[in-house]
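We have chain A already, so just place chain B on it with the hints.
Those protein sequence lines, which keep their order, are chains A and B. Per this note's numbering, the first sequence starts with residue 2, numbered consecutively. Per this note's numbering, the second sequence starts with residue 2, numbered consecutively.
There could be a bad hint or two in this list.
[Unchecked claim] With a cut-off of at most 16 angstroms between alpha-carbon atoms, the simulated EDC-like pairs for lysine to aspartate or glutamate come out as follows:
id : chain 1 : residue 1 : chain 2 : residue 2
1  : A       : Lys114    : B       : Glu10
2  : A       : Lys97     : B       : Asp173
3  : A       : Lys133    : A       : Glu196
4  : A       : Lys25     : A       : Glu86
5  : A       : Lys235    : A       : Glu247
6  : A       : Lys6      : A       : Asp218
Bear in mind the hints are in silico, worked out from the structure with no lab data behind them. None of these values were measured; they are calculated from a predicted model.
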Amino acid sequence: MVVNKVKIDIQDLNVWFGSKHVIKDINMGIKPNAVTAVMGPSGCGKTTLIRAINRLNELIRGSKTTGEIYIDKKKVYSKDTDIFELRRRVGMVFQKPNPFPISIYENIAFGPKLHNMADGEELEAIVEKSLKGGALWDEVKDRLNDNAFSLSGGQQQRLCIARALAVEPDIILMDEPCSALDPASTAKIEMLIRELAENYTVIIVTHNLQQAARVSDLTAFMYVGKLVEYGSTKRVFEKPESELAEEYITGKFG
Amino acid sequence: MIKQSRRKETWRKIKGAIVLILCLTGIVLTLVSLAALLFDAFQQGLPWLDLQFLTSFASRRPEQAGILVALFGSIWVVGLTALVSFPLGVGAALYLEEYAPQNRFTSFIQLNIANLAGVPSIVYGILGLALFVEALALGRSILAGALTLSLLILPVIIIVSQEAIRSVPATDRQGAYALGATRWQVTREVVLPQALPGMLTGTILALSRAIGEAAPMIAIAALVYVPFTPTGPLDRFTVMPIQIFNWVNQPQSEFRGLAAAGILVLLAVLLSMNSFAVFIRNRYQMRGR
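The following block holds chain A by itself, in its conformation from the complex (with noise of 0.2 angstroms):
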């Protein structure tokens, strides 16, 4: 076992979409409080297999899923599961900003309406609290009233990420989070990765060798469904086990 505290404990996960078996076998423990990175070529399955945890993959038609995953020990593969309130509890955040065509205060709110958190005052600290921690407070508490799409792409990426935490998950869920953005807003949403491993169990799904070098403190490495290679981060990239893994790693395929 590589990681020895879970968050999110899979279980031989296996999905397809209709005959095509994108995820085969995987079994991954992840660790509360940290990055974890999800790197692999194109069409290996990152994306599905995040997509697995928040039950998102169910809003294609024929796909299947089996196996089993648990957060803290509870199954999100049950009948019992409320699949709402999991997807509050696991928050993500698209390869493309997607913010919603109404104002950035609207934005923020729309998660805690739905789950009818708060209103009123208690509602406009949630939007400042998310903002903060998504940190773009300071460039838009000016403008709360301006429309989302007034914002650069970087900016509408933080603001995902804040609508993301507006209800209060304790999981993120990543999915290639800069890879429509400038270098700037990279580095900035990078460090703002950082200070989230602090509070929320985050996993980031990544094309960018160098961007899972720098966030993550364990890496995943699949190819065609598989798990390939699991480790810690400085591990995986210094030794990896799987000769795979040191090709892509060391830019022999990609």
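Coordinates of chain B only, in the frame set by chain A:
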């Protein structure tokens, strides 16, 4: 070789010119016929178009005849049609796009909606006569007319609304689902607000088609003289296209002028409805995107 390629070059240019001429012919023909129609209507109708025309009932004497009853009838019918068809059409579109399972039954429904959009309007008139006027005993009332027109434009509203729903980015839906929204919350908070302008625009355009329909209305309301403006949905009524049709059929030539004036009023109503649709579209189209 060079000669051959030059010949090809010339032929390419000729082909381009032919297409251009064809397209220009199309647009010129359209504009000329529209201009001719307008010119004719204005020339004949303008002398008759005055306040007296707008505020008088139909009459056998041309100088006393007016369009008031038909104008009110049209507004009543189209207003009721909007109330009936918009919620039904949007509801059907939401069901088909957001809720319906993807199976044969759904695609069967989809195919039939597309087919219904192409059924001639007189068929709806006959259906309305049998169903609403006779079977449901609504009589030749505004309500029967509005329900008939609702059936007529429902397929169009459903198709337009479906397209508006499909234009909402999938990433927005996923973002809401990932926050723990239920399907209804995603529909209400994300899909509807973004699709509504498109739905409204499509509905208004469909309504402006309905207001100009003569055939189904003649089946429902019949060619009769209505001596009062309607006060409720169960009143008898007539609409502008029927009144115009009626005047055109009169032997005296003065009635031609009245018909033309009626056409001008109908066109004015149509134009204001369409401008309203354009206004809504421009106002709300993809705010900030």
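Earlier hints that do not hold, by number: Violated: hints 1 and 4.
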